[in-house]
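**Q** Here's the letter readout for the chains.
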Amino acid sequence: MLGLRNGLVKNLPNNKPTIYIAIPTGPPKAYALLYMLASLKNLDYPPSKISVNFGVTHHGSANSEAFLQQLKQLLSASNFKCKTSIQTTHPTQEDFDRWGSYYGVILNVHALRLSFLQSKTQYFWLLGGDNPPPRGTLKTLLKTKGDVVSASVNQRSSKKKEYKINQKLCYPIYWQYIWKPKDIPMDLEPSLRDTLRTAWTEFSFLDTPPRKDGERFIHNCVFGSGCSLVRREVLEYVGYYLGSGGTHSEDLHFCNLVNLRGFDTVLDLDTRCLHFDEDGTVY
Amino acid sequence: MSNHPDAFTHLQFETATNCNAKCTFCSHPKMKRHGTMPLTKIIDLTYNLAYKAKTICPFHMQEPFLEPRLDKILSNVRSFNPQAYIVVYTNMSIYPEKQLENIVKWGLIDDLIISCYGGTPEQHNQMQPGTDYNTVVENIKRLIKLKDKHKHGLPNIKVGYLITKETRPYLNTFRKYWADTATTALFHYDSWCGTKPYNIEYEEKVWGKSAPRVPCFELYNSQIIHYDGTLVPCCLDYNNDMALGNVFDDYHLWWTSPELKEMRKLHEQGRYSEIIMCSKCTKWRHNHRVEWINYWINKQHIPVPSAMNP
Numbered sequence: 015m016l017g018l019r020n021g022l023v024k025n026l027p028n029n030k031p032t033i034y035i036a037i038p039t040g041p042p043k044a045y046a047l048l049y050m051l052a053s054l055k056n057l058d059y060p061p062s063k064i065s066v067n068f069g070v071t072h073h074g075s076a077n078s079e080a081f082l083q084q085l086k087q088l089l090s091a092s093n094f095k096c097k098t099s100i101q102t103t104h105p106t107q108e109d110f111d112r113w114g115s116y117y118g119v120i121l122n123v124h125a126l127r128l129s130f131l132q133s134k135t136q137y138f139w140l141l142g143g144d145n146p147p148p149r150g151t152l153k154t155l156l157k158t159k160g161d162v163v164s165a166s167v168n169q170r171s172s173k174k175k176e177y178k179i180n181q182k183l184c185y186p187i188y189w190q191y192i193w194k195p196k197d198i199p200m201d202l203e204p205s206l207r208d209t210l211r212t213a214w215t216e217f218s219f220l221d222t223p224p225r226k227d228g229e230r231f232i233h234n235c236v237f238g239s240g241c242s243l244v245r246r247e248v249l250e251y252v253g254y255y256l257g258s259g260g261t262h263s264e265d266l267h268f269c270n271l272v273n274l275r276g277f278d279t280v281l282d283l284d285t286r287c288l289h290f291d292e293d294g295t296v297y
Numbered sequence: 074m075s076n077h078p079d080a081f082t083h084l085q086f087e088t089a090t091n092c093n094a095k096c097t098f099c100s101h102p103k104m105k106r107h108g109t110m111p112l113t114k115i116i117d118l119t120y121n122l123a124y125k126a127k128t129i130c131p132f133h134m135q136e137p138f139l140e141p142r143l144d145k146i147l148s149n150v151r152s153f154n155p156q157a158y159i160v161v162y163t164n165m166s167i168y169p170e171k172q173l174e175n176i177v178k179w180g181l182i183d184d185l186i187i188s189c190y191g192g193t194p195e196q197h198n199q200m201q202p203g204t205d206y207n208t209v210v211e212n213i214k215r216l217i218k219l220k221d222k223h224k225h226g227l228p229n230i231k232v233g234y235l236i237t238k239e240t241r242p243y244l245n246t247f248r249k250y251w252a253d254t255a256t257t258a259l260f261h262y263d264s265w266c267g268t269k270p271y272n273i274e275y276e277e278k279v280w281g282k283s284a285p286r287v288p289c290f291e292l293y294n295s296q297i298i299h300y301d302g303t304l305v306p307c308c309l310d311y312n313n314d315m316a317l318g319n320v321f322d323d324y325h326l327w328w329t330s331p332e333l334k335e336m337r338k339l340h341e342q343g344r345y346s347e348i349i350m351c352s353k354c355t356k357w358r359h360n361h362r363v364e365w366i367n368y369w370i371n372k373q374h375i376p377v378p379s380a381m382n383p
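Chains as they are written, first to last, in the working numbering: chain Z, 15 to 297; chain F, 74 to 383.
No lab work stands behind these hints: they were computed from the structure. No false leads were mixed into what you were given.
Once the Cα atoms are required to be at most 27 Å apart in a straight line, the calculated DSSO-like pairs of lysine-lysine come out as: (1) Z/Lys159 x F/Lys171; (2) F/Lys114 x Z/Lys97; (3) F/Lys178 x Z/Lys159; (4) Z/Lys134 x F/Lys171; (5) Z/Lys63 x F/Lys114.
Bound conformation, chain F alone (with noise of 0.2 Å):
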């Protein structure tokens, strides 16, 4: 299996599916699929897979903040894997404050992405129903003291900001207040493969002209397991549209699986409509790493990914 050409870097996993949010821009609304993992599935799980990533999310379609065993799986995944860089997005609208305190004290996590979208309090509240943005912004605050009173870099805290019509003549408004206390990141809007309005005219208008259509960077790298232990191909296929099976039956699953490889040859040649959900995705056009493009258009050898950072 370590001899594989394929490259595995970048582990996501669902502990369990739960939100306390109903954002506009995400799909978690339209889910169908709602459970938990074990947390003798998640030892498991890490036990066997997190050791060989490089970036690892150990939360997926959920609100980590609602964890219940958030610092016991982020203890796992870091005690497997102490070299691995782990990735959390949260909308921070809630403070798990003894959890926080044993992530600051152990250094758990090494990006916290937080989703603190909209300009002003009110399109915050109205893009992401179910928070509040003086809440979120209070809670980012004491997170912040806490890293202090622990003289603890980690975790970096990055607030992030989808850029929208809406939102973008808010940006430096946004950028401003932030400058002095955390990091900011700027995020795309994506249609989740059709399923949400977008305008490419705009999109090109912010960002740039699309990227050259290259194979799909999650196919060779990223094993996104669901709570169930489902392993999908695509960070987007949220209701195991293109479910590959259960890495709870094989851990080998995302090297063997011959519908994988066959995406990945459907890829190659350009056949991207043959996929549905590839056939609607827009994520391709902005949301890319420039070596991985360089490397199918240049017929480079495999770069190691960067780690994950927006």
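Same shape as in the complex, but just chain Z (with noise of 0.2 Å):
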């Protein structure tokens, strides 16, 4: 190919990287199932590049089954032109037990991790199940360069009065630290354990990111996973879990193994995925 080595041909659709995409997602996310096929649908990237994998976790539940069910029928109707798969998980006690209330989308994402481990993808493109990215998302994601690049996504409103204060400062979502508590240790009786971990979610230490005039990158930051595109590599060394003292949650907690591991983590300021709310409404 004389022309691609001259740089002659760009943009030929062998050239782009394949991408696995991964939504876990679950029945309190159903509100945003269309938007999210919609938006996938619409994705400026050549199919034949790409996979769409939904993570569900079924508890055994007709609410569970019902959402399963739907998910079927309409990725099916969809009629995608890419591979498309659904993984499903079944919790256990035992997961509760380990993870408390984030055991629905550790389990999801990890069989979400090993499906595109097994598969010879390049990256993994996880996407939260009510961020539905808008057309260009992946392109400009993918000219970043960093191991897990993100973009940003609108902070969702909440009936509580401080969250809506904060919604207009926290505009995009941006982790200024990682929470570590160390006080709180991982055998304590579940609940009490959620309890405690829920009270510090609470507490808002969401912020706007410290942007300068001009930039549009911060590295080796931590961040939210509803949008964020990881290479091959970095999920072969870490995953998406919560760390044994307590961390936040497990997107958290996975930008700060990969920090510590030497990869490079990307928030991109200018890049920014919706968040939709059960009532229809776009941030």
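Put the complex together from the two separate chains, hints included.
**A** What follows is the structure, encoded as structure tokens:
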């Protein structure tokens, strides 16, 4: 391919890296499912280079089963030209004892991580179940050099007054630091451990990124996983779990580990992913 | 499962089966099984089991420094259980530079135990064919320098010495050589369940009278998993002679296996001779934990075994 070598032929679909799109979801995010499917259909990327993979936590309830069936129907009806899959996980009491209220998402993303590593795909694009990406997001993220590159995700509103105030301030979501509550042992009774963790979650430590004039990227930082593109090698070293000291959430702990292992995390302040609310509000 | 009376403190699994040495005291050359565990299986296994263990040996019948995924495996083990004590055994004849850099930088190994047996270079090369004494020593010193460079306390480097009739006369020379640079650890010679010659009189002369035989520590505390997921009750079962099943079918197997329960029962009744491998075992004579023996003798409560430290 002389043209390729000389740089005469550009943007051939074959040059693009392969992407495993991972979407952990479940009944609580059912309201955003149609938006998510629409945004993936609308994605500006060759279908032969992507696969769409949902992860569903099935609790064995009628609600879980109804959601799974709905997802299967909608996924089939969406008629994607790329590969699609649904990874189903079945949590047990042991999972809850281990991870508290995070058990669903952790099991889900663990299954998606393994499925991704079994493939030969180059990138893992993790999307929150209610964070449909705008059309050009993937291409933009790929242009950024970094091992984990994240778009900014708008914070969803909350009925709580303080969150409403924060919503104006906290755009996009960005964590200034990681909270490590060493005083919450993992062997505590799960509901008590969860209560303590939730108390900290409620505490607002989200903040406006310290953005200087013209600055677009923040390196070596910690962010949520609403829309993050991860290089394959990173997931061979670390995954999305909670730290033993009771770190805030699995995505923040992941970023912390990624930084510790010497990879580069990058937050793109100008690329934004949406955040849908139950009432259809888009943030 | 968490209420199960049996303690599980030690996890050891095999990520591959290749070794560059043909050590005279090891049964690796007689191994009939050969293969590699895929990275996804390793991650899933550590996800499901590592967090429950107090000590973890992520490599088994293999030379870990031949493992191209060495730092990835250790990174996963460490992140699933930061509190666990990670122990790795190596012959140190290979120096995977980039991976060791990561391992030292990130503190991924607690104890690195190096088999550097033999009182002289010639004796070493005879006991551990496929390795070269001078290269091993050079690699150990290189690793110590790397630790100094990163100002990192880990790994604890322990240079091991196997006591045999031939090596014992050189023990003091060995100790003096490493006195200023590394900790040393002495190892018992073992018969690998009767597959290697064993002289009880000599062993008792060196180590003292054999300990009273009590139910095996491993049956109650260790999960030993081979590269294909086969769970075995003993670290000496290198050819799956007493395979209990496959953990990839059921991660609770160690707690539920009827064969393992039966073996524990036979041990508790002192019927060791009814299990072929156990009938030929010599490891119990000197390679024991005092608190474990005391438990069975004095019927005390089960102690939490100390970190594996030969």
